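Colleague: What follows is the residue order along each chain.
Protein chains: 2
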Amino acid sequence: MNDQKKIGTAFVKSVQQRSGLYGSSKNLNEWFAERKSNHVFSLQQIPFSELKNWSFETKTGNLSHCSGGFFRIEGVRVETNWGNVPVWEQPIINQPEIGYLGFITKDIGGILHFLIQAKMEPGNIDLIQLAPTLQATRSNFTRIHQGRKPLYLEYFTDKSSSKVLADALQSEQGARFLRKRNRNIIIKTEEEIPVYDDFCWMSLGEILHAMKQNNLINMDARTVLSCIPFNVDDVTANTGQLRSKFGISFLRSLSNKADSLYTNEEIISWFTDQKFRYELDVKRIPLSSVTNWERNEYEIKHESGRFFSVIACSVEADNREVASWTQPLVKAHQKGLIAYVVKEFNGVLHFLVQAKVEPGNFDVVEMAPTVQCLTGSYQDSPPDRRPPFVEYVLNAPQEKRIIDTLQSEEGGRFFREENRNIVIDMQNDSFDFIPDNYIWMTAGQLKEFIKYNNFVNVQARSLLSSLNFK
Amino acid sequence: MNDQKKIGTAFVKSVQQRSGLYGSSKNLNEWFAERKSNHVFSLQQIPFSELKNWSFETKTGNLSHCSGGFFRIEGVRVETNWGNVPVWEQPIINQPEIGYLGFITKDIGGILHFLIQAKMEPGNIDLIQLAPTLQATRSNFTRIHQGRKPLYLEYFTDKSSSKVLADALQSEQGARFLRKRNRNIIIKTEEEIPVYDDFCWMSLGEILHAMKQNNLINMDARTVLSCIPFNVDDVTANTGQLRSKFGISFLRSLSNKADSLYTNEEIISWFTDQKFRYELDVKRIPLSSVTNWERNEYEIKHESGRFFSVIACSVEADNREVASWTQPLVKAHQKGLIAYVVKEFNGVLHFLVQAKVEPGNFDVVEMAPTVQCLTGSYQDSPPDRRPPFVEYVLNAPQEKRIIDTLQSEEGGRFFREENRNIVIDMQNDSFDFIPDNYIWMTAGQLKEFIKYNNFVNVQARSLLSSLNFK
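If you're matching them up, the sequences are chains A and B in order.
Under the numbering used here, the residue at position 66 of the first sequence is numbered 66, and the numbers go up by one with no gaps.
Under the numbering used here, the residue at position 66 of the second sequence is numbered 66, and the numbers go up by one with no gaps.
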């Protein structure tokens, strides 16, 4: 068995194991409640004038940190021939630095475990959520803020005593960030490593079970987990403990050798055609000149009250690199909808993926879930003018809903933003018409495109990683 | 045998066939000479003031076409922590439109043939070279210049009667172009199609043989050919007709299942680390403000006389979409050096590939050949200050030189630019030290990264496509 297959099999085994928290007599919810009660966090919205070290630049009105680090709120003017809106302007988060989102894993009793942390982020619903072992911007680990070094950083900067299981740059929300990417990395250590307060070891089965709860596993954890290469050729050997038809079909779908409707080459050609056809011109403009957006003492918002606003907050935390700080956050004005429609073809589960243009995309289009409506506009529109498949997803009966939860966006930038995450198994349903920016792909193909990065967007990755084949 | 393997095998068979030009009693050089003598072309350098429809914009000094199409000469300010020069400014070609570079192929007598054209480009050495079937900017095929429709365009826009063998966006010279890409596409038709004057069918073996000549197969043809997925698992079945040890080792290297020194995942992790480590900040600035560059009546050049200059020319041609026009061209001031060092490990040929930062790169670094010195600075420097491996490549003995030819850059933008293309088989030599932005890869791995695009730069692709395993 070659190395990649060994890694794939170890991941599959870890999914099949729900063993509670390693080394703890508590279950996850008890441990999590304890972590919460052990800390003092507070968050307050403040006027922009009370931001410390952050200010609006005189010439541009851009909101930036005095160090030049972290991120900036700027403006963009977007022109595109994709979708119904050919030109618009909006604020956007410009964070050119690449940070780490990393998991340390370890074989414990024959099962691969992930070192997860209960982490406070100002924008989180309930303030703390479960996060990867390391979640650090470059400003964090170069210590612009003069705080403590992030815990476990050294395992990622010196990988001599560990093995890299996955390691790629991955995009974040193209509607909110200008070409932001983070290094998503999973390493496996053979060493004994300390488990600090707020950290614990969990199997993948335990993590996937936790994803059934709303807003518990944070976005960063979900995107890193999506990079797991299951890569299992020999499906029959791994289906013994599976119960559901769906689980078997999904595990088959994760295999590189799955009988897919389209080859990878055909999907690349389809994607090339989408990039060739659609133009996206994004010009950075001063925040103060963004049309239809206005700034008052407390927020920068669209004059319609829709989309999102930029606000400021002050934070106190006893266990972060610095104990208190102020920062801007982006606040969505409605819940979004993120959904895959899936269907079995030839015994293999396929995902209906769309090529979607977003202003902050690194390369015009990325592969997105079947439905991705962050603006909530799908609710305001009459049914016949909603984006494709929204009606189908919202009206699917209970027995076809594989997943239906609320999941959070990144709490370091977004204020209590949660989106409804849905996966619908079509079973015997079929669509009369599928627009040509959609294509059916297996999970293994999505994984392959994730591996080569800048193909699959953060919503598509995070939703994929919450599916279980147990 | 699955579809991809069938395609791979057809390509391998086509390489092994040197059958002259299909349907012609002439050999390539006779046919090529005839094409030349059949046409009247002329080229003259002119002062910028005689450019028609091109002018320097008042505010920026950028050189642009009155239609807003084609390309623009602008300036960039580059800051990077890669290499020895942390900050510089330079002119750059901004051509945001994605064009077609496409080959039509067809099975003729059991052998896959490529429809090649003898094409005139103003910057070509000798004015005409062999080009892909279709070579068209978006301005060409949307007919901004109001000329004729490019021949064979319809086979690429309506692919209903053909099969796509490769189709990806590929980058061009990152030192000269700002994020330029073209759609590299190879289709296979089953139809009878007309063969117009200046076009002929060639097997891959014939094309590879022609690459032994200087400046005959143009850059566009070479980059498209690099996208060929050989993808041959069963090497022994295909080595029967091979003669050389090198050929066998190279064919093994093209297989997806080659015993490579590093897995694709390890290479991706290495590449991720390079992107994470190196910063590249490229700001577009007005051409008139680019420091250390000056403009006179005839050229825009660096005050040192090094690097390149921008010139203007007028062209007359009897067989292009328009019969005469004027345009800017970029003129290199020295011959460059492009070289792979290759070596067999475990019976499989490996290529020493570097991660290289160039200002026009889409994503910070791309994979480049072992040596890529376009500025000719390697000649001015004392031996101990030359870039890595230059000395080794220049001094390698004849019996290790698999390739040593002069090949042209794209004649639509570059004025008679040719670079020395070298491939050195190290055999039993070894290097004491390899810098960590270099890694050994098989040809199959390079092909895989080419497939997922924005990984392998145009020099690395073009040089790879000129290697023969016959």
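I should point out that these hints are in silico values taken from the structure, not numbers from a laboratory.
Keep in mind it's a predicted model, so treat the numbers as computed, not measured.
Positions of the beta carbon are idealized from the N, C-alpha and C atoms, including for glycine.
Among the hints, erroneous ones may be present.
Said to hold, decoys possible - In silico lysine-lysine, DSS-like type, Cα no more than 27 Å apart, as pairs:
(1) Lys6/A - Lys149/A
(2) Lys159/A - Lys275/B
(3) Lys275/A - Lys188/B
(4) Lys257/A - Lys275/B
(5) Lys5/A - Lys188/B
To be verified - Computed footprint of chain A on chain B; a stretch qualifies when at least three of its residues, placed anywhere within it, have a C-beta under 8 Å from a C-beta of chain A:
(6) 69 to 78
(7) 167 to 173
Colleague: A separate judgement is required for each hint: does it hold in the structure or not?
Modeller: Structure-based check of all given hints:
no., hint, verdict
1, Lys6/A - Lys149/A, "violated (34 Å)"
2, Lys159/A - Lys275/B, "holds (17 Å)"
3, Lys275/A - Lys188/B, "holds (22 Å)"
4, Lys257/A - Lys275/B, "violated (31 Å)"
5, Lys5/A - Lys188/B, "violated (35 Å)"
6, 69 to 78, "violated (count 0)"
7, 167 to 173, "holds (count 3)"
In the structure shown, a violation is registered for the earlier hints numbered 1, 4, 5, 6, in ascending order.
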